[in-house]
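Chain order of the listed sequences is A and B.
Just so we're on the same page, our numbering is the position in the first sequence counted from 1, plus 60.
So in our numbering, spot 33 of the second sequence is number 19, and the numbers just go up one at a time.
No wet-lab data here; the hints were simulated from the structure.
Note that the Cβ used here is the ideal one computed from N, Cα and C, for glycine as well.
Warning: the hint list may mix true and false statements.
[Unchecked claim] Now the in silico label distances, taken between C-beta atoms and shown as ranges:
#1 B:Ser239 to A:Asn215: 54 to 60 Å
#2 A:Asn261 to B:Ala30: 37 to 43 Å
#3 B:Thr120 to A:Asp178: 24 to 30 Å
#4 A:Ala257 to B:Asp14: 47 to 53 Å
#5 A:Phe78 to B:Asp14: 36 to 42 Å
#6 A:Ser249 to B:Asp14: 28 to 34 Å
#7 B:Ile271 to A:Asp252: 43 to 49 Å
#8 A:Asp178 to B:Ala108: 21 to 27 Å
#9 A:Arg154 to B:Lys23: 55 to 61 Å
#10 A:Trp361 to B:Phe116: 46 to 52 Å
#11 B:Ile271 to A:Asn215: 51 to 57 Å
#12 A:Phe78 to B:Ala108: 53 to 59 Å
#13 A:Pro345 to B:Thr120: 34 to 40 Å
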Amino acid sequence: MASKGEPVLEVRDLVKHFPLTQGIVVKRQVGAIKAVDGVSFDLHRGETLGIVGESGCGKSTLAKLLMALETPTSGTVRVAGKDLANAKGADLKRIRRNIQMVMQDPYTSLNPRMTVGDIVGEPFEIHSEVAPKGDRRKKVQELLDVVGLNPDHINRYPHQFSGGQRQRIGIARGLALQPEVIVCDEPVSALDVSIQAQVINLLERLQNEFDLAYIFIAHDLSVVRHISDRVAVMYLGKIVEIGRDTEIYDRPTHPYTQALLSAVPVPDPEGRENRERIILQGDPPSPANPPSGCRFRTRCWKAQEICAEEEPLLQIRPGADHPSACHFAEVHDVVHAS
Amino acid sequence: MSNSTITASPAKDAKPEKAKKPASLWSDAWYDLRRSKVFLFGAALVLLLVIIAAFPWLFSPVNAFDPSTCDLTRARDGLDGTHWFGSDNLGCDTYSRVIYGARVSIIVGVVATIVTSLVGGALGLLAGFFGKWTDVLLSRIAEIFFAIPSILGALLILAVVGRDNAGIGSVVLALSLLAWPLVLRIMRAAVITTKNQDFVLAAKALGAGPIRIMIRHILPNALTPVIVVTTMNLGVFIAAEAALSFLGVGIQSPDISWGLMIADSRNRFLEAPAPLLFPALFLSITVLAFVMLGDAVRDALDPKLR
């Protein structure tokens, strides 16, 4: 569980705006998609932070920023004390060893022209200082063994494996450099439910074995609750509520979190009839032109004038025990059944 | 593959050859090709033509390059036991000339294909991968060459080279200069599709440099359409060489080329059709063989046509 001390990943005021340009020859900026707009959080060793939110809220952009696959507009990402977002060249390469990724789709994230041994061994070829050449094959086989694959399948190609097995290959690749943080961008949403459970159990086992910290991005709230120590809820590029899993799931204070939780399917036909459903009206506003003040106010049943004028900060509100970005935050248990 | 592979005990002794076999796109394609009659027929013809081009003396008792084998008194003779395909205006044996002429066609086709694939492929890879100004620059240059009508352009280039210097080298140069933009376009499109795939992103996240990403990840996955076009181009280049030689700007006497032979005998066609018909027939068969090969390769490699 979460151990205190120096955080292994520190994210501060991370912003990513994608410019919208007009004109063919001379491009001028006419606006920006505010995909991630001021996100801050800490992640400690051995801890899992779940990030939930609907499609288009900036979860995957956040993952790419954490992996330095996109350059942030502003803000910092510190991995084990070193700034990843603004590093270049050899520094960046060294910092990357500490943060690795498991991707969403196991069918497209493995190069179909490379054998499993080449795929899992590629981190060693890129970071040749990690493992001497002679040991690599043995190391790859160890990794395959750790993730529950047959080490003798090292010469096979990705398409000879099932979806769950492919995701295990992706996990083995992420583990190869012994990182401290693994960013899992919807690692199970492309898999069958039965396989999801296997992969999640594997991730939990690896966390205990190697003291890994996970950023676990998903839109399946039950999966996130199962694996996470803490949960952050995102809406239109901002974190609206963050706290321990019990705080978020049992005592949500932000109206959006409450609406999100009320949509979780309950495996109980009787309870399903009586429980409260909060149905939000309308679509999320465009991230190119977000509403003033609170971004959720256009769909919120509690919205007042102040919500349009003043942006609610992510802070601990009276009567709550964890930060929430709502002027009218109050505890409202929507999923007591689950 | 079944899902049971994960739990199955290592049964490596049971079927070792199956575990090693890379059941990839290529092996699937090879499996299809071996069963395609079009491919087998085309490949057999191409193989035969390549052997003829490499060792013409195995097929012809007469050395067509030796002028002493020509006999003016027997010019435009019909078909008989010594001159199987008759003889031409100078009394030379048409059969041996047809056999010795295969070499030029095959060399021009193969060399022009290699040059265009290497140049167009490499530039297409760079344009597609780096995008932005590299892409704009390379694509515009390619479009300039693309806009020139091929035969007209080749005529112009060869006219500049001049008849005295014309030969296999200048024909290859002219054809390659006009054909590489096609390969560039196809390679560029394939690279752009591939570079946005997740496994390329995964390699970047590992810290892979641009060269590793291009060579290890993008190139192998973007090569298929280029191979198809390349195979088809072989036949096109051979036909183009014959056309240029026929027009008098390509291969020059005393070198032997089917196009040149057709040109030489066209004025006396009604009198002696054999010296024109036989090189034309061989030319058609050769182009057909390569086009069939290209068709079969495309069918096997393009999953959309399955």
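Going down the list of hints, with the structure as the test:
1. B:Ser239 to A:Asn215: 54 to 60 Å: Holds, at about 57 Å.
2. A:Asn261 to B:Ala30: 37 to 43 Å: At 57 Å between Cβs, range violated.
3. B:Thr120 to A:Asp178: 24 to 30 Å: The hint (24 to 30 Å, Cβ to Cβ) holds, given that Thr120 (chain B) and Asp178 (chain A) are roughly 28 Å apart.
4. A:Ala257 to B:Asp14: 47 to 53 Å: For Ala257 (chain A) and Asp14 (chain B) the Cβ distance comes to about 33 Å; the hint is violated.
5. A:Phe78 to B:Asp14: 36 to 42 Å: At roughly 40 Å between Cβ atoms, Asp14 (chain B) and Phe78 (chain A) fall inside 36 to 42 Å, so the hint holds.
6. A:Ser249 to B:Asp14: 28 to 34 Å: With a Cβ separation near 29 Å, Ser249 (chain A) and Asp14 (chain B) satisfy 28 to 34 Å, so the hint holds.
7. B:Ile271 to A:Asp252: 43 to 49 Å: violated, 55 Å
8. A:Asp178 to B:Ala108: 21 to 27 Å: holds, 24 Å
9. A:Arg154 to B:Lys23: 55 to 61 Å: For Arg154 (chain A) and Lys23 (chain B) the Cβ distance comes to about 58 Å; the hint holds.
10. A:Trp361 to B:Phe116: 46 to 52 Å: holds, 51 Å
11. B:Ile271 to A:Asn215: 51 to 57 Å: violated, 43 Å
12. A:Phe78 to B:Ala108: 53 to 59 Å: With a Cβ separation near 32 Å, Phe78 (chain A) and Ala108 (chain B) fall outside 53 to 59 Å, so the hint is violated.
13. A:Pro345 to B:Thr120: 34 to 40 Å: holds, 38 Å
Going through the hint list in order, the structure does not satisfy hints 2, 4, 7, 11 and 12.
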